[in-house]
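Trainee: Positions 1 to 140 (full-length UniProt numbering) are the ones given, in order, by the sequence shown.
Among these hints, one or two may not hold up.
[To be verified] Derived DEER-like restraints, expressed as beta-carbon distance ranges: (1) SER113 / ALA137: 13 to 23 Å; (2) GLY43 / LYS64: 31 to 41 Å; (3) LEU57 / PRO124: 15 to 25 Å; (4) ASP72 / LEU133: 14 to 24 Å; (5) ASP48 / VAL130: 13 to 23 Å; (6) SER113 / ALA58: 36 to 46 Å; (7) ALA62 / LEU136: 27 to 37 Å; (8) GLY73 / LEU134: 36 to 46 Å; (9) ALA88 / LEU134: 32 to 42 Å; (10) GLY138 / LYS64: 16 to 26 Å.
Derived from the structure by calculation, the hints contain no laboratory data.
From the three backbone atoms N, C-alpha and C, an ideal C-beta is built for every residue, glycine too.
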Amino acid sequence: MADTPSAANAAPGRAPPFGLDRRSWTAPLVPTLPHAVAPAMIGNPDHDLIRRCAEHLACLEAVKASPDEEEDGPAWCAYESNRDAISAAQPQTLAGLIAKARAAKLEATFWDSFENIHDTMAEPWAWDLVNALLRLAGEG
Numbered sequence: 001m002a003d004t005p006s007a008a009n010a011a012p013g014r015a016p017p018f019g020l021d022r023r024s025w026t027a028p029l030v031p032t033l034p035h036a037v038a039p040a041m042i043g044n045p046d047h048d049l050i051r052r053c054a055e056h057l058a059c060l061e062a063v064k065a066s067p068d069e070e071e072d073g074p075a076w077c078a079y080e081s082n083r084d085a086i087s088a089a090q091p092q093t094l095a096g097l098i099a100k101a102r103a104a105k106l107e108a109t110f111w112d113s114f115e116n117i118h119d120t121m122a123e124p125w126a127w128d129l130v131n132a133l134l135r136l137a138g139e140g
């Protein structure tokens, strides 16, 4: 195997070994959020949480796109409503846990591009996720 070039080191103009490049074999393993959400929502008790988490980026972007947005403006109110619904939701399934974890990660990095959970919704959501995971394991 040491003689076989990796996909990154494949000769120019030649296909990677075994016909696989990094993108082709990882693409099925890394679905985009909308594609991951649709199957997870069918009959799932966390369908509303999953939907809201999938919409959270759009809410954040709408607020950020309106720098003059007041706290009672439509974009801020939509963000606040979505944020509060995510906060109140207690995930019942692994799909719900993952959706809320993604929303928490988004909150931690969105406002200033640094991953910092302090003083963001990511902080209480992270603790919510710990409790939800223990609850799903029968310990909560």
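Trainee: Hints first: check each against the structure and report whether it holds.
Mentor: Hint by hint, here is what the structure shows:
Checked against the hint of 13 to 23 Å, the C-beta distance between SER113 and ALA137 comes to roughly 34 Å, which is inconsistent with it. At roughly 34 Å, the beta carbons of GLY43 and LYS64 sit within the given window of 31 to 41 Å. For LEU57 and PRO124, the hinted distance range of 15 to 25 Å is satisfied, since their beta carbons lie about 19 Å from each other. Judged by the Cβ atoms, the range 14 to 24 Å given for ASP72 and LEU133 is violated: they are separated by roughly 36 Å.
Restraint check, ASP48 to VAL130: a C-beta distance of roughly 22 Å satisfies the suggested window 13 to 23 Å. The given range of 36 to 46 Å is broken by SER113 and ALA58, whose C-beta atoms sit roughly 18 Å from each other. Range check, ALA62 to LEU136: about 32 Å between beta-carbon atoms, so the 27 to 37 Å window is met. Range check, GLY73 to LEU134: Cβ separation about 38 Å, and the 36 to 46 Å hint holds.
Taken as a hint, the range 32 to 42 Å is violated for the pair ALA88 and LEU134, whose Cβ atoms sit roughly 19 Å apart. At roughly 40 Å, the beta carbons of GLY138 and LYS64 sit outside the given window of 16 to 26 Å.
The structure fails to meet hints 1, 4, 6, 9, 10 from the earlier list, while all remaining hints are met.
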